Amino acid sequence: MSDQHERRTPVSLTGLREDDPHLQPAARNPRLVERVIALTFLLGLALVVGFGASYWVNATPWILGATLGGGLFFLGVGLVAWGKYLMARGPFVEERHTLASSEADREAFVAAIVERGGGVVKRRKVLGGLLGGGLGAFGIVALFPLLRSLGPLPKGTLFHTDWRAGSYAVDQTGRRIHVTDLAVGSIVTVFPEGTQNTDRGQAVDQTVLIRLSNENFTTQKGRESWGPMGYIAYSKLCTHLGCPVGLYEQQLQLLVCPCHQSMFNVNNGAIPEFGPAPRPLPQLPLYIDAAGYIRSQSDYNQPVGPGFWERS
Amino acid sequence: MSDALVTKRSRKQAKGRYGVIGKAVDELDERLGVAKGGRGFLDKIFPDHWSFMLGEIALYSFVILLATGVFLSFYYIPSSAIVTYHGSYLPLDGQSMTASFASTVNLSFAVRAGLLMRQMHHWAADIFIGSMVVHMARVFFTGAFRKPRELNWTVGVTLLTLAIVNGFLGYSLPDDLVSGTGIRIAYSIILSVPVVGTYLAFFIFGGNFPGTAVIPRFFILHVLIVPGIMLALVVAHMVLMVRQKHTQFPGEGKTESNVVGSPLFPVFLAKTTGFMLIVTGVTALLGAFAQINPIWQFGPYDAARISYAVQPDWYMGFLDGALRIFPSWSFHSFGHTIPFEVTIPAVIFPGLVFGLAYAWPAIERRVTKDNAMHNLLDRPSSRPKRTAAGAAVLAAMSMLFIASSTDVIANFFHVSLNTVLWSMRVLVLISPFVAYPIAYKIASEMNATRGAGRRKTVNVVTRTEEGEYVATPAPAYADDVAHDLAPTPVPDFIEVTPPEQPPSDGVRTIDR
Ligand code: HEM
Ligand code: FES
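Going down the list, the protein sequences come from chains A and B. Numbering follows the working numbering, in which position 236 of the first sequence is assigned residue number 236; successive positions increment by one, without gaps. Numbering follows the working numbering, in which position 66 of the second sequence is assigned residue number 66; successive positions increment by one, without gaps.
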């Protein structure tokens, strides 16, 4: 079966004759291959023109993509086949030359750097030192824009939210939550009034308000007065990486974070029961005012959201 | 004008033997001296092995990214200003959203070929990074990173890192619900860096999350700064490759001091240009038929909402997986917190992985004490230890990638999330220790078996007159033979010695 492919022995380093087997196409039947390639090119050409037309008339995306993609694909296949089957089949060889320079060249180069450069610096130590100092200082000063203008300093911002003593809890539309609003077992995302439409309100102050069936429920020791009439509120920022803890499993009484599946026990101070979150969700102390609206007793007693160096 | 003496023929003669091109080269060469090096460049030999195409896929998807990216940047508006959407996508009509989200929706529905370009851009990004990873694996397993090519390996690892970063930045630009959650997570990861984390996060985002600076900043990084650095590095990668020439697999006529294959012009140029068209064509077909990132279904970002089954692009999967399975080991003491549950999987671990990639050539050189030049590639089987080490890393990374869908797996197989979590923890930890010995064994066995990895030829069994059976191996397959053909020097494509010349019988005619 290998008779067709006569084995090509290496030829000498000088020019090749036109009929050298290395210069012949790899295809056994070049005429046929040529025709197939011509057909592919024709198809490609037609599709590319079709792309132009469909762009002109603003056709749907899939027609645009099919004509463009198909056109380029067929042109490409034809061209690869042309290179592979109809051009000189080779293989050819090229010699490598060592990249390294001669010993003498290298020596001369190093000598120039060390002797000339070293000579200059050694003789003018003070100048060199001053220049180095100046450029070094500039290097440090050049960092100032990065350090001073890119953003404000964090200061205490990460420690506080906008919840204050007496803030009304409102939903995303700004409606104050009345004690009769929530059905038992349901949940709503609330914000301190006035922040519900701000970036910061949404990103930092977001809080889940849950109404439990037990009206005298205490989530943890010391929080006896935090959940009036079964209303309890936790920060909605996952303590892992700050995703909104958006999923409430009512039967299991779990708040679930969809990002990495941390689960927080609503009944027990939102302690993480599963997943990578390291801390409970901070709880917001609530009270119900005389008119029956849900309000906060104070801010959270600790920073909300993911951990960082400065928090204790 | 009326000069009758100017005939077609005389005009042709005036232009010289090679016409316009010859003339143009003359002019250029007089000023720049392009001919000497140029001829050598046209004759440059490229090895004919399929695995050398992987880098080409990466190169061409980068070109596609540049081209489609420029198109996108004509219509995309990098701004967090709130607008009310009134456009051709009716379900979102009247909603308020950022200008960047609105412009991406417009780009998808109201700009001619906009959706196609967006989807091509996204697919090209996925293909780009995928082909880089596979290309890197090829270089690793064949030992192509060894001396003298360590520097190009370093350039390559940097390109991969920057590509992942830029992919994340681009993914964030539409400001939809899914990508916004990704930015939130990135912010928290930066926050987790000990001592300087909060400062870093505030400087990068211009304040507390989310702020309004992040989209414009990500935009200029995504379209100018990172691609600019990458373009420079891609050029450096190519220049180093041309200067040091390609590696090649060992074979008949292939030595440490030559390169065997096809010349740049015209054979390789035809093949590679065709391949570029194919890669672009396939990307366009994917963009046409495979929907990717339908942001109008996710809706605009709202920090208080979240979409379920949030998943990043595939190349961020290993990070997400690591974050999911790492235990909740927060460190609190001396009035400070180090959130190890974030810092270790999302800062230290990727640092180690990429650090290992950077350091590998040096590590291997130290272990093997091999300081020689290498232009011939290893077959992966002939270096069982290196192959096994690579397999171990790939195994662990794949397990981490799978771990990024713990919830999907739990739902799909109806097992508890806890079971999946613990299985993934165990799998990630033991997979390298399983993969190493298996890969080592396979490689050593292949090494010890003659002809392993090549196509088997049939044995022709003949019965002699005495009734004896003799098996003779059939000749090798035709294209296997072609593969092993002895190479010859680069032919002279311009001046072919005419066949009429007498053969090498010692008599040479000299034309004067
Ligand atoms: C290094 C290579 C690059 C990668 C990996 C990359 C990746 C991405 C990705 C994944 C997206 C999200 C697309 C989506 O909405 O689904 C994106 C968006 C975008 N990219 Fe790139 N990109 C690259 C280079 C560029 C360049 C060079 C430009 C401009 C000159 C550019 C301009 C844009 C624009 C304007 C968008 C936002 C529009 C949109 O999301 O539809 N990209 N990029
Ligand atoms: S962000 Fe909630 S589990 Fe990771």
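FYI, nobody ran anything at the bench for these hints, they're computed from the structure. Computed from a predicted model, the values in this text were never measured in an experiment. Please note that the accuracy of each hint is not assured.
[Unchecked claim] Below are the DSS-like pairs computed for lysine-lysine, each with C-alpha atoms no more than 25 Å apart in a straight line: (1) B:Lys-245 x B:Lys-441; (2) B:Lys-245 x A:Lys-84; (3) B:Lys-36 x B:Lys-23; (4) B:Lys-36 x B:Lys-147; (5) B:Lys-441 x B:Lys-385; (6) B:Lys-369 x A:Lys-84.
[Unchecked claim] Covered, in the sense of this in silico footprint (three residues per stretch, anywhere, with C-beta under 8 Å from a C-beta of chain A), are these stretches of chain B: (7) 273-280; (8) 378-390.
Beta carbons are placed, not taken as given, at the ideal position from N, Cα and C, and that holds for glycine.
Hint by hint, here is what the structure shows:
{"no.": "1", "hint": "B:Lys-245 x B:Lys-441", "verdict": "33 Å, violated"}
{"no.": "2", "hint": "B:Lys-245 x A:Lys-84", "verdict": "22 Å, holds"}
{"no.": "3", "hint": "B:Lys-36 x B:Lys-23", "verdict": "16 Å, holds"}
{"no.": "4", "hint": "B:Lys-36 x B:Lys-147", "verdict": "28 Å, violated"}
{"no.": "5", "hint": "B:Lys-441 x B:Lys-385", "verdict": "10 Å, holds"}
{"no.": "6", "hint": "B:Lys-369 x A:Lys-84", "verdict": "41 Å, violated"}
{"no.": "7", "hint": "273-280", "verdict": "holds (count 8)"}
{"no.": "8", "hint": "378-390", "verdict": "violated (count 0)"}
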